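Q: Just so you know, the sequences run in chain order U and P. Taking the numbering used here, I'd label the letters of the first sequence as residues 5 to 213. Taking the numbering used here, I'd label the letters of the second sequence as residues 5 to 213.
Since the hints were made in silico from the structure, they are not lab data. As the structure is a computational prediction, the values presented were derived from the model and not from experiment. Treat the hints loosely; a few may be bogus.
Identical copies go unnamed one by one, so any copy, or any two together, can satisfy a pair.
Simulated crosslink set (SDA-like; lysine to any residue; CA at most 20 angstroms straight-line) [what the hints assert, rightly or not]:
id: 1; residue 1: Lys142; residue 2: Ala30
id: 2; residue 1: Lys128; residue 2: Asp78
id: 3; residue 1: Lys169; residue 2: His211
id: 4; residue 1: Lys170; residue 2: Ala208
id: 5; residue 1: Lys19; residue 2: Leu33
id: 6; residue 1: Lys128; residue 2: Glu93
id: 7; residue 1: Lys19; residue 2: Ile155
id: 8; residue 1: Lys128; residue 2: Asp141
id: 9; residue 1: Lys170; residue 2: Glu209
id: 10; residue 1: Lys170; residue 2: Val147
id: 11; residue 1: Lys142; residue 2: Gly65
Number of protein chains: 2
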Amino acid sequence: MELNTRQNEILDIVKENGPITGEQIAERLHLARATIRPDLAILTMAGYLDARPRVGYFYSGKKPIQSVADGMVDMTAADFQSRPVVITENLSVYDAICQLFLEDVGTLFVVDQQSLLTGVLSRKDLLRTSIGRTELDKIPVHVIMTRMPNIMYCRKQDTLISVAKKMMDSQIDSLPIINEKEGGLEVIGRITKTNITAAFLSLAEDHDL
Amino acid sequence: MELNTRQNEILDIVKENGPITGEQIAERLHLARATIRPDLAILTMAGYLDARPRVGYFYSGKKPIQSVADGMVDMTAADFQSRPVVITENLSVYDAICQLFLEDVGTLFVVDQQSLLTGVLSRKDLLRTSIGRTELDKIPVHVIMTRMPNIMYCRKQDTLISVAKKMMDSQIDSLPIINEKEGGLEVIGRITKTNITAAFLSLAEDHDL
Numbered sequence: 005m006e007l008n009t010r011q012n013e014i015l016d017i018v019k020e021n022g023p024i025t026g027e028q029i030a031e032r033l034h035l036a037r038a039t040i041r042p043d044l045a046i047l048t049m050a051g052y053l054d055a056r057p058r059v060g061y062f063y064s065g066k067k068p069i070q071s072v073a074d075g076m077v078d079m080t081a082a083d084f085q086s087r088p089v090v091i092t093e094n095l096s097v098y099d100a101i102c103q104l105f106l107e108d109v110g111t112l113f114v115v116d117q118q119s120l121l122t123g124v125l126s127r128k129d130l131l132r133t134s135i136g137r138t139e140l141d142k143i144p145v146h147v148i149m150t151r152m153p154n155i156m157y158c159r160k161q162d163t164l165i166s167v168a169k170k171m172m173d174s175q176i177d178s179l180p181i182i183n184e185k186e187g188g189l190e191v192i193g194r195i196t197k198t199n200i201t202a203a204f205l206s207l208a209e210d211h212d213l
Numbered sequence: 005m006e007l008n009t010r011q012n013e014i015l016d017i018v019k020e021n022g023p024i025t026g027e028q029i030a031e032r033l034h035l036a037r038a039t040i041r042p043d044l045a046i047l048t049m050a051g052y053l054d055a056r057p058r059v060g061y062f063y064s065g066k067k068p069i070q071s072v073a074d075g076m077v078d079m080t081a082a083d084f085q086s087r088p089v090v091i092t093e094n095l096s097v098y099d100a101i102c103q104l105f106l107e108d109v110g111t112l113f114v115v116d117q118q119s120l121l122t123g124v125l126s127r128k129d130l131l132r133t134s135i136g137r138t139e140l141d142k143i144p145v146h147v148i149m150t151r152m153p154n155i156m157y158c159r160k161q162d163t164l165i166s167v168a169k170k171m172m173d174s175q176i177d178s179l180p181i182i183n184e185k186e187g188g189l190e191v192i193g194r195i196t197k198t199n200i201t202a203a204f205l206s207l208a209e210d211h212d213l
């Protein structure tokens with residue numbers, strides 16, 4: 005439900021002047037009291053305004069219902085990101101697995117000597133490689149990682165909605181947040197489905213759902 | 005936004021008798037036209053009713069624009085669940101890993117001969133066990149799984165908000181959806197952070213955010 009221009013005007017008047025009676029609001033708008041009655045009813049029902057008999061209307065201060073949508077649209081990757089865990093291309097698969105457990109993450113990002121993104125390693129990639137092999141310390145990660153340009157990524161100002169869509173569409177659990185640099189992509193953050201779950205929960209908690 | 009009693013009465017009248025004028029609605033309610041004007045405005049703005057000049061009000065048939073908040077509160081585990089993948093206690097770790105890749109899931113649920121939940125195996129548990137070992141076909145999963153009563157679970161009617169909270173609080177990626185049975189818990193579904201991400205996205209898409 006979107007507010008129309010007149011309803012927004014009324015909201016501004018009450019914010020600045022409340023408590024204020026319906027008569028007084030109508031007067032400021034050069035309208036009849038009857039004309040703005042539906043608008044006042046809507047603003048009150050939607051929770052923007054409170055009304056007290058013999059006192060008038062005042063701004064509820066409560067977040068109106070609509071703002072769950074607004075809250076959702078405003079969320080960016082930067083708001084919910086995690087710290088990225090990066091490793092170098094010549095690290096062994098064994099050490100990569102240790103790193104994964106040590107940092108308790110599901111995905112490792114691989115960078116070159118200029119700290120630019122060259123690959124991604126998931127828990128699944130590491131599990132696939134480790135089945136039935138003992139010499140994991142002999143295999144460098146660059147042999148098994150997913151390589152650029154086949155890596156999905158996002159930027160810190162991207163909306164969380166677009167990030168969630170990218171993860172669902174490509175069926176991946178995690179995206180690096182990158183910064184474009186001369187010659188490549190610098191990894192500056194990480195977004196996972198855990199972060200999206202946290203965002204979902206924060207929407208509910210911020211609005212007492 | 006909740007409708008009050010009078011608004012629900014109006015909605016019923018229009019559903020049965022529409023198109024119907026505001027005058028006629030007021031008459032049926034033994035009220036003045038002016039009295040019900042705010043209610044009609046609210047019902048029209050919220051999308052329950054459509055109004056045509058010189059014809060009257062009729063039921064839009066559209067689902068009223070449910071607020072994002074209402075949509076979120078109404079989501080249950082059942083609405084977004086995935087199919088659970090279950091294995092038996094004596095399956096080898098090697099076969100469990102194969103099953104994990106075959107079904108492309110992150111978590112396997114372990115059941116006994118009565119199909120009751122006895123354990124959970126995550127990708128992380130399997131990776132930890134498989135590092136540097138070759139005889140994975142000799143280790144049964146019941147040796148490495150997380151056992152009841154240390155398993156978090158939910159029911160299909162649980163709100164998705166409560167499920168998300170449970171996953172975040174216990175730092176786990178997936179919950180079995182269970183049905184209480186004589187003697188234990190039957191696994192009937194699975195909820196993951198991927199499902200929560202899908203729910204987050206569906207909220208955005210249903211409301212054109």
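Q: Which numbered hints turn out to be false for this structure?
A: Numbers 1, 2, 7, 10, 11, in rising order.
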